[in-house]
Amino acid sequence: MNRCGALLGLVLVAKLLLAPLDVLADSKGQPAGEYRVKAAFLYKFLDFVGLPEKAGEEKVASLCILGKDPFGSFFEAVEGRPVGSSGRVLKVHRLARDASAQELRKCALLFVARSESESVRDVLEKVRKYPVLTVSETSGFVEAGGIINLVVRNRKVRWEVNYDAVEEAGLRLSSQILRNAVRVLRRQED
Amino acid sequence: MDTNPASGGTVTPAIRRTIRVRLMTIIMLGSVTVVAFTCVAFIVFSILDYRREAAEDLSSLARIVAHNSTVALSFGIPEDVEGLLLSLETRPSVVLGCVYDREGNLFAQYRRQRNPLPGDPPPVRESGSFFENGRLLLFAPIRHQGKVLGTIHIQDDLSAGWLVFVRNLLGASFIMLVAMLLAWLAASRLQRGVSGPILALTKTARTVLEKGDYSQRAATTSDDEIGVLASTFNRMLLAIESRDAEVRGANEALQAEVMQRRQAQEALFHEKELLSVTLRSIGDGVVSTDAQGRVTFINRVAETLTGWTEREAAGRPLDAVMHLVHEETGALVENPATRVLDTGTVSGLANHTILVARDGTRRAIADSGAPIRAEDGEISGAVLVFRDVTEERKVEAEMTRIQKLQTVQVLAAGIAHDFNNLLSAILGFVSLARHSLPAGGEASDGRLQKAEAAVARARDLTLQLLTFTSGGEPVRGTATLDSILREAAAFALRGADTRCDFDIEDNLWPTNVDAGQIGQVVQNLVLNADQASNEGGTILVAARNRLLTSTSPLPLPTGKYVEVSVTDHGIGIPAENLPRIFDPFFTTKSKGSGLGLAVCFSIIKKHEGHIEVESAVGRGSVFRFWLHASHGERNVEMPVLGKLPLGSGRVLVMDDEEAIREVARDMLNILGYDPDVSCDGAQTIELYRRALQEDRPYHVVILDLTIPGGMGGKDTLRELQKINPDVRAIVSTGYSSDPVLSNPLEYGFAAFVRKPYDIGALAMVMAGVVRSGG
Chain A
1237 MNRCGALLGL
1247 VLVAKLLLAP
1257 LDVLADSKGQ
1267 PAGEYRVKAA
1277 FLYKFLDFVG
1287 LPEKAGEEKV
1297 ASLCILGKDP
1307 FGSFFEAVEG
1317 RPVGSSGRVL
1327 KVHRLARDAS
1337 AQELRKCALL
1347 FVARSESESV
1357 RDVLEKVRKY
1367 PVLTVSETSG
1377 FVEAGGIINL
1387 VVRNRKVRWE
1397 VNYDAVEEAG
1407 LRLSSQILRN
1417 AVRVLRRQED
Chain B
8 MDTNPASGGT
18 VTPAIRRTIR
28 VRLMTIIMLG
38 SVTVVAFTCV
48 AFIVFSILDY
58 RREAAEDLSS
68 LARIVAHNST
78 VALSFGIPED
88 VEGLLLSLET
98 RPSVVLGCVY
108 DREGNLFAQY
118 RRQRNPLPGD
128 PPPVRESGSF
138 FENGRLLLFA
148 PIRHQGKVLG
158 TIHIQDDLSA
168 GWLVFVRNLL
178 GASFIMLVAM
188 LLAWLAASRL
198 QRGVSGPILA
208 LTKTARTVLE
218 KGDYSQRAAT
228 TSDDEIGVLA
238 STFNRMLLAI
248 ESRDAEVRGA
258 NEALQAEVMQ
268 RRQAQEALFH
278 EKELLSVTLR
288 SIGDGVVSTD
298 AQGRVTFINR
308 VAETLTGWTE
318 REAAGRPLDA
328 VMHLVHEETG
338 ALVENPATRV
348 LDTGTVSGLA
358 NHTILVARDG
368 TRRAIADSGA
378 PIRAEDGEIS
388 GAVLVFRDVT
398 EERKVEAEMT
408 RIQKLQTVQV
418 LAAGIAHDFN
428 NLLSAILGFV
438 SLARHSLPAG
448 GEASDGRLQK
458 AEAAVARARD
468 LTLQLLTFTS
478 GGEPVRGTAT
488 LDSILREAAA
498 FALRGADTRC
508 DFDIEDNLWP
518 TNVDAGQIGQ
528 VVQNLVLNAD
538 QASNEGGTIL
548 VAARNRLLTS
558 TSPLPLPTGK
568 YVEVSVTDHG
578 IGIPAENLPR
588 IFDPFFTTKS
598 KGSGLGLAVC
608 FSIIKKHEGH
618 IEVESAVGRG
628 SVFRFWLHAS
638 HGERNVEMPV
648 LGKLPLGSGR
658 VLVMDDEEAI
668 REVARDMLNI
678 LGYDPDVSCD
688 GAQTIELYRR
698 ALQEDRPYHV
708 VILDLTIPGG
718 MGGKDTLREL
728 QKINPDVRAI
738 VSTGYSSDPV
748 LSNPLEYGFA
758 AFVRKPYDIG
768 ALAMVMAGVV
778 RSGG
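These protein sequences, in sequence, are chains A and B.
Letter by letter, the first sequence follows residues 1237 to 1426 of our numbering.
Letter by letter, the second sequence follows residues 8 to 781 of our numbering.
Check each hint, because a few of them may be wrong.
[Said to hold, decoys possible] Distance ranges between label pairs, derived from CB positions:
hint, chain 1, residue 1, chain 2, residue 2, range
1, A, N1390, B, D127, 25 to 31 Å
2, A, E1312, B, R98, 43 to 49 Å
3, B, G153, A, N1390, 29 to 35 Å
4, A, E1361, B, E86, 54 to 60 Å
5, B, E86, A, Y1399, 34 to 40 Å
By construction, these hints were calculated from the structure, which means they are not laboratory data.
Ideal Cβ placement from N, Cα and C applies to all residues, glycine included.
Turn these sequences into a full structure, and let the hints steer you where they fit.
So this is what it looks like as structure tokens:
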């Protein structure tokens, strides 16, 4: 498989995945191809995660981006759209590095940007044992206790999953997410 | 036998298809149909089920794949989906599986590697299952959280289903075969339960029909409808049997009644026939009329009497058919039937009724009429019975005549005997006087001769009277009538100017008659004819032989007769006098005695003959009489008076009348005999015995037949014969009634001499007796 062909395939996949988001194509600040895919992945993960109810935010699924936002204006276009089957709508929160643990714990999905790779352990500690799906694109994220880490393999965006972290967070993650993960980290029981 | 069931009640229709076959057919057909239907249904159902199952299987497979490919689809991981699709490998019939994205573009696919290779994935369709070209095509949406992510398609090859079908078909066929076999076995066993009783019932019905035996009963073994049918049939048979017996009984009764009626009818018919035949062949005339007096029936005799045939007479008034008039007045007589219809009582006809037939024939009839009453008593007609009494009237008239004659006979008997004796004496003496007249006394002789003639006439008259007496029996001798007729006619017409012609057949049969009496008849008839005739008239005396057969209208037995007729052309006899002319003392003449024809009648009757008259006023009369012809030969004619034959010998004359004794003594003396006289039987016997003792016996004894108060001639002769068996005796009498006169020899007499006798007659008899005695 040559490079050219792989790239073409990635483009195709991206195009396929983002088709519902085509409305965004003309918007300003288009992210690069890789981040457009990752943005779409974040949004879709919400569909395959059993989100627990959080007080005061019944109708809202909060997608929080911690650190420097690499997705541009992608989420502004999709904010308010329904998420999952519970009738909740998407709400995007951009959080600063100093965001309180309270704020972090309100998030359904917490993306830890590359810019915050240094403080990953702290962040993860703050939301530990709270139903927050933590996602990042930093190597060692899952080992640090994060749940999903996006990786590129064969020019395709894929992911790693820490199954223990899922259980610790009290979330229910689709088995297909697990099956399609490039790596599933699981504590040795025996 | 091929029989139309409707055509004959006695022939049992043939059974073409037995109930066994029918039942078997029905059972087999039914079971095969059920099994076949079941098998087909089973096969169809199995096919449908196979399809449905296949569809469901594919659907669940699709659902699993779809469910597990949501993430792969969402995150664009076709390898994952292909891995999922690879699981379709486990289902052998799946040939193709693929997933399309939302846009309908092929996302991932699985193709079974086998020959022939399945075609390329078809374009996306709506969700659902489709059977095409032996394949099942399933399209199902892939959803997640209510959002359609794409479409999954699985294609299944159903050829394996054919295998199932064939397998099922083979199985079904096997089942059918087994089922049919079982059905056959079961049917052939079970149908007996149905057909058995029916066959038995059929057999019974057949037996009943063919033998007509209603006492047969069907077996009632089952308790189903057939059992009920059999018992119903039995009840029906019972009913038929009883009704049959009833009908048979009624029929026999009817037959008997019919027979009885037929016999009654035949009896009635015979009776009617007999009655009809009786009525028709009855000797009397029978005429019946209806209530209006019209003729309804007339029998053969009545047809003959009236001259009307039944056909002609039917419906005519009775008076037109039966014309009745009074015998003498000729006036119409009311028909008795009319009287019967008027009065309703039985009625006889008055006497002297004459029925004038159609051809004018007049017949005296006697009749009686009676009403014919219907059952209700109404008079529906009259029946009249009558007969021809013309002959009866004649007989009656003759009877009357004979009665009158007998009256005369009594009278005559009273005086004629004495008178005759007196005449005998007168005649005897006159004849003696003439013989003893001396020569030259011619004048006296002439007077004596006239006296003799007068006495002779007186004697004739007496003789005529004597024929009426009981002693009028003819003294018969065989004679031809020829000379008697001629002599008698000539004697009667002495001195008359009437001419008499004779037409007498040659070889006239002899008759056995009293010549004197028949001569007397002829004399009387000729005398009457002469008196009836004009002067110069002609009388025809005819005689011919007649053979009377049974068809003869004459009241005489059949046989040979001599018919004598005396015909004149004189004044004739009025019809009203005809019935009476033979009556004694009936006369139309001023000087007639009224005895002439009566004597004729009496004499002919005594000769067993018949006399009748036919006369028309102004044209003359014909008297006819018939006498038996005899087989005997003619007697030698008595010699006519001539020279007296003289004799000799002693003669004893017995007579109670002294005058007779005297004249007889004188006559015998003249004739040369030596006479003695006696007045009765006792004296005669005494004289005869004494003479015999003195050896001077009497050669001849003349005995009077009747001695009043003493022994008569016959008894005296018997006594004399005791003395001398060869005694020769002559019987003498004026009577003619004693049979001894007809055949004196039979009674021992040698001859007979009628009183009064003249010397000539005595001389002849004496000469005969003496000559015969040698």
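Going down the list of hints, with the structure as the test:
Between A:N1390 and B:D127 the beta carbons are some 27 Å apart, a value that agrees with the proposed interval 25 to 31 Å. For the pair A:E1312 and B:R98, the beta carbons lie near 48 Å from each other, so the given range of 43 to 49 Å is met. For the hinted restraint 29 to 35 Å between B:G153 and A:N1390, the CB-CB distance of approximately 32 Å keeps it satisfied. For A:E1361 and B:E86, the hinted distance range of 54 to 60 Å is not satisfied, since their beta carbons lie about 36 Å from each other.
Range check, B:E86 to A:Y1399: about 22 Å between beta-carbon atoms, so the 34 to 40 Å window is missed.
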